[in-house]
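> Listed below, chain by chain, are the residues.
2 protein chains.
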Amino acid sequence: MSKTVQMSESDFLEKIRRRAVASDRVPIPIGDDLAGVRVGHELIMLGSDQVADGVHFDFREHSPRQIARKAVLRNFSDCAAMACLPHAMTATLLLPRGVGSGLASALTEAMDEVGRAFDCPLVGGDTGSWDGGLVIGVSVVGRCEGVGPVLRGGARAGDRIYVSGPLGGSILGRHMEPVPRIALARALAGRGLVHAMIDLSDGLSRDLPRICTASGVGATIDAACVPIHEDVDRLLAMKLGKGEGHVSRTGAEVRLGHALDDGEDYELLIVGREIEDGEMKADLGLIEVGWVEAESGVRLMRGGRVEEMESRGWEHGL
Amino acid sequence: MSKTVQMSESDFLEKIRRRAVASDRVPIPIGDDLAGVRVGHELIMLGSDQVADGVHFDFREHSPRQIARKAVLRNFSDCAAMACLPHAMTATLLLPRGVGSGLASALTEAMDEVGRAFDCPLVGGDTGSWDGGLVIGVSVVGRCEGVGPVLRGGARAGDRIYVSGPLGGSILGRHMEPVPRIALARALAGRGLVHAMIDLSDGLSRDLPRICTASGVGATIDAACVPIHEDVDRLLAMKLGKGEGHVSRTGAEVRLGHALDDGEDYELLIVGREIEDGEMKADLGLIEVGWVEAESGVRLMRGGRVEEMESRGWEHGL
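Just so you know, the sequences run in chain order G and W. One point on numbering: in my numbering, the residue at position 236 of the first sequence is 236, and numbering is uninterrupted. When you read off a place in the second sequence, starting at 1, and then add 1000, the result is the number in my numbering.
Pairwise CB distance ranges, derived in the manner of DEER restraints: (1) G:G40 x W:R1312: 39 to 49 Å; (2) W:S1296 x G:D24: 46 to 56 Å; (3) W:G1098 x G:E288: 37 to 47 Å; (4) G:V21 x W:S1063: 19 to 29 Å; (5) G:L240 x W:S1063: 44 to 54 Å; (6) G:S23 x W:V1306: 51 to 61 Å; (7) G:E253 x W:H1041: 53 to 63 Å; (8) W:S1105 x G:G158: 33 to 43 Å; (9) G:G297 x W:S1105: 25 to 35 Å.
Keep in mind the hints are simulated off the structure, nothing from the lab. Where a beta carbon is used, it is the ideal one built from N, C-alpha and C, also for glycine.
My request is simple: use the sequences and hints to build the entire structure.
Next up, the structure:
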């Protein structure tokens, strides 16, 4: 989770995004989790995501099956963020030279398996080998079938902000097995309950500003409401055991920091109208964490004080 | 162009292909240059291809623009092989850490530019960085608009075999700038002149067997008809200058070998009924190189003798 002072990936993508203009062919251009492209009478959703050794997985530690599943599930999580259904996928495999075809078979079989589980067949791609590390790219085509797509830009002042599960500490293992919240996203979007959505791949402190920027609004998060995953406590216990505890910050602050900044939770960040308790909020497992305001910027309310929230989530430096 | 004794990429893909079964959703499964996927009432064509430093380009030698163009044009050449039109694409960029955003911008701009030239907007993707070399994956969506798709499996005994241009020696530079023969492919397919097609990425000696296997036929190539690119002579002159000439084979044999085996020509290999000379064969620039037979196997006719043609084209070992 390196931080760099160079131009970041999000700055770079922001530059690209500013140039993107919706057109008849591409009604949803670069800037959301997937793009929307019209083919004849159909709107298809398109996206690509990659995993690389040493960045998204560790080839010495993780099995081919784990690696392949992560490569695919990240893309399905993007489908969840748009409330669309995965429909078909292609993959590029770049293998370390000399590992043999066993790795290619294991990766392909695992991708095939997870594709079938989500009714999204692997239909093609490319396999090659080189002197570098393992890289897998996956491209997904999604379909809407009358629900969604939900964009990042639909948040309005007065909306509530929800997350679909506890956050933080995914590095302990959850980051390898994203659970795409497709059924939840479809249920929310189908009932008109969601105005904007994103999947929490880079951390709430980095992904919420993306919704706010796209929607032209601001937001406040109530620190007391942020659900902290038990992995955070396990992680802190491990760090303390190694003498890496942060003595300069209180335990609560450190725990909250992990929940807001760690990333790779792949839970949904959902912005929509207030959902009444009797209206299936509990059924859906949604946790309300804040609200949207007209004033731009993202703020954190903690112990009665409100401060600017720093974007310390996972940042891919270039 | 390394040859390995391990399971090759084509063996591996063959294994996958045997498992692939056409379905309502995927009427054209893995096994062609692109897969055909039905979304609602539309058939879309899907494929992914990648380029990696040290395999498909040399980062020290080639400019970002050259590299990005090759990454995209290889995919458009796959569209040509199916006689479909590129419609939209996504890209994954994996950058060497620390090179800064200039590289990402240069690559993206070049992909955008070549996409516009082919009416195929770049609509999304993913950018990351790592400690390894540059890798670009491109996924393309194609549309048919009433023409094609042309598959590998349609060749019939009695068909003629054509190529769209001279072959061999692409390593001198042409391999970086594939010219997707989309207009030619659409013209042929639109007139019902083509039964099977593939783009010559791995060399005629390797790509023709793919058509024969998919079609359940065999073929004979007339060595005297194979158009040899002038790059082959330039390449041989360079090798001779370095003392690398093949003294054990005649000049004609060596030249033919380059035309059949070098790969990365990205010309079309077209199988179809005999095209009369007055029927635009010359206009189309087609060069007849052989014919299809019921007997399986691929043969080379040379100086009145017929021998089995070895598949010595570019092979990606795993």
